[in-house]
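> Read off the chains here:
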Amino acid sequence: MRQHNSLQHDSEGRLRHLLTIEGLKRQQIIDILDTAESFISVGDRQVRKVPLLRGKTVVNLFFEASTRTLTTFELAAKRLSADVLKININTSATVKGESLLDMLHNLEAMQCDMFVVRHADSGAAHLIAKHVAPHVSVINAGDGSHAHPTQALLDMFTIRRRKGEFAPLTVAIVGDIKHSRVARSQIHALTTLGVSELRVVAPKTLIPAAVENLGVHVFHDLEEGLRDADVVIMLRLQKERMQGAMLPSEAEYFATYGLTEETLALAKPDAIVMHPGPINRGVEIASSVADGPQSVILEQVSNGIAVRMAVMSMTLGRAPAEGDST
Amino acid sequence: MTEQDDIEQLIQQMADELRARLEAARVRDALMVGIHTGGLWVAKRLHTLLGLEQPLGELDISFYRDDFSRIGMNPQVRPSRLPVSVDERHIVLVDDILHTGRTIRAAMNELFDYGRPAAITLAVLGERSGRELPIQADVVGRHFDLGEHEHVKLSGPDPLRLSIVEAP
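Protein sequence lines, in the order shown, are assigned to chains L and S.
Residue numbers for the first sequence follow the working numbering, so the first one is 1 and each next one is one higher.
Residue numbers for the second sequence follow the working numbering, so the first one is 1 and each next one is one higher.
If you're looking for bench data, these hints aren't it; they were derived computationally from the structure.
Here the structure is a predicted model, which is why all the values come from computation and not from measurement.
We put the CB at the ideal spot given by N, CA and C, even for glycine.
Among the hints, erroneous ones may be present.
Unchecked claim - Here are the simulated DMTMM-like cross-link-like pairs (lysine to aspartate or glutamate), alpha carbons at most 20 Å apart as the crow flies:
| no. | chain 1 | residue 1 | chain 2 | residue 2 |
| --- | --- | --- | --- | --- |
| 1 | L | Lys78 | S | Asp113 |
| 2 | L | Lys49 | S | Asp113 |
| 3 | L | Lys78 | S | Asp66 |
| 4 | L | Lys204 | L | Asp221 |
| 5 | L | Lys49 | S | Asp66 |
| 6 | L | Lys49 | S | Asp87 |
| 7 | L | Lys268 | L | Asp228 |
| 8 | L | Lys130 | L | Glu108 |
| 9 | L | Lys49 | S | Asp67 |
| 10 | S | Lys44 | S | Asp158 |
Unchecked claim - Covered stretches of chain S, going by a simulated chain L footprint (3 or more residues, C-beta under 8 Å):
| no. | region |
| --- | --- |
| 11 | 50-63 |
| 12 | 74-81 |
Go ahead and model the full structure; you've got the sequences and the hints to work with.
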């Protein structure tokens, strides 16, 4: 882990890559959220672009299907005036190890400045970050069931915009914690920011071992887990990552762990409902809740652009570590 | 050193001059925009003195700096806020010290991403030598004759204080 942490910072402690929330200091997260706040207004203007990354080239390397994340990364890069390449690698092909690094070095030879990486294998973005040239930054856009740091950051941004301070909040993350890189990153972010109580709510089969060590309270009963929560984060049931009989059936899962208007009523009246998408309607969340007045699901999507602009401009916009002063 | 009373007096003179200019140009509904941070302090006072109808706008030019790739992202960037459309509107842009002209260039680039202003008037509390771009102010509080290594700095917001500092 230590190695990961030092990998994403430069010699002066500034963020060079964003690979995981783990190892980010509270102030570093706050700085990203504050910078994102300034990028929000850019989206409301006549010209939705700033010239920060003019002349830089960003490559979206997506080894795994994605719509929201890919699109918002692309929009974020374009709003920063970067040039964007999208490389969609067939998920069925085993593009790993040497061949992956070969491709990387080819892209570097074309003077690319940033790789945004999504991969089904945990650690893929770390591997790439270890091998890139010194001027290149790597952003993890989701690796296996390990981490999805920009998703967690945009969730923190959405929570802060809606609720203000983190300290008094009770947050419940509900669903497939075990397979969720989003949950893992959210847990690190929420404990670093210091919420009052962090709960994970799921059947035993969908809770990873020793999750309590991360500073969360485990609930197996949805109603108990939701009681008086300020923020309810629903996770997608990741059927594609499940092997064997972890679950009885979707209908049964919905009956026990699905968020409905009735179960949401147990949370605080002003609780917000979040979901990283894509939503399985009628599996983890009822349509009436997903589209209801407490849902901020679409806000998460648009906030994702500003947060990704912040991360991209902060990692690429580092002054040289030593040398020329102003 | 220029003391508090002196500065308030300078700002009063700037307000008088601005009022005369806006009246002569028959500008109604001007939008005043202060540049973070010092420019905004000066703009707040001018805005009150002139009794402008439109709320004060604020610009943080961090996203438009021409030295971004050299000095990196400003970690304390604040959101820019323009309360009304700049299209076909007369803008009064306010900064504390006009030096190289690069800040003003960045600010004008940003303003044009909000729309097409009818005109921009530049008001600065202090002006000094060292221009690197063909930019000059319309309304100037005070001129400073400085040596190569000297800088003039505004501290504030209350009280406002101008001081000349030696920089290496």
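> Each hint: holds or not?
Now for the hints, and whether the structure bears them out:
1. For the proposed pair Lys78/L and Asp113/S, the alpha carbon gap of about 15 Å is at most 20 Å, so the pair holds.
2. Restraint check for Lys49/L and Asp113/S: satisfied, since their Cα atoms lie roughly 8 Å apart, inside the 20 Å limit.
3. Annotation: proposed proximity of Lys78/L to Asp66/S holds, straight-line Cα distance about 18 Å (limit 20 Å).
4. Using a Cα cut-off of 20 Å, the hinted pair Lys204/L and Asp221/L holds, with the two alpha carbons roughly 10 Å apart.
5. The straight-line distance between the Cα atoms of Lys49/L and Asp66/S is roughly 15 Å, inside the 20 Å bound, and the hint therefore holds.
6. For a cut-off of 20 Å, the pair hint linking Lys49/L to Asp87/S stands: about 17 Å separates their Cα positions.
7. Simply put, Lys268/L and Asp228/L have alpha-carbon atoms about 5 Å apart, close enough for the 20 Å limit, and the pair holds.
8. A C-alpha spacing of about 14 Å is found between Lys130/L and Glu108/L, which places the hinted pair at or below 20 Å, so the restraint holds.
9. Restraint check: the Cα-Cα separation between Lys49/L and Asp67/S comes to about 18 Å, which is no more than 20 Å; the hinted pair holds.
10. Among the hinted pairs, Lys44/S with Asp158/S is consistent with the structure: their alpha-carbon atoms are about 12 Å apart, no more than 20 Å.
11. With 3 residues bearing a CB less than 8 Å from a CB of chain L, the region 50-63 of chain S meets the requirement of three and the coverage assertion stands.
12. Given as covered by chain L, the region 74-81 of chain S passes the check, having 7 residues with a CB less than 8 Å from a CB of that chain where 3 are the minimum.
When held up to the earlier numbered hints, the structure conflicts with none and fits them all.
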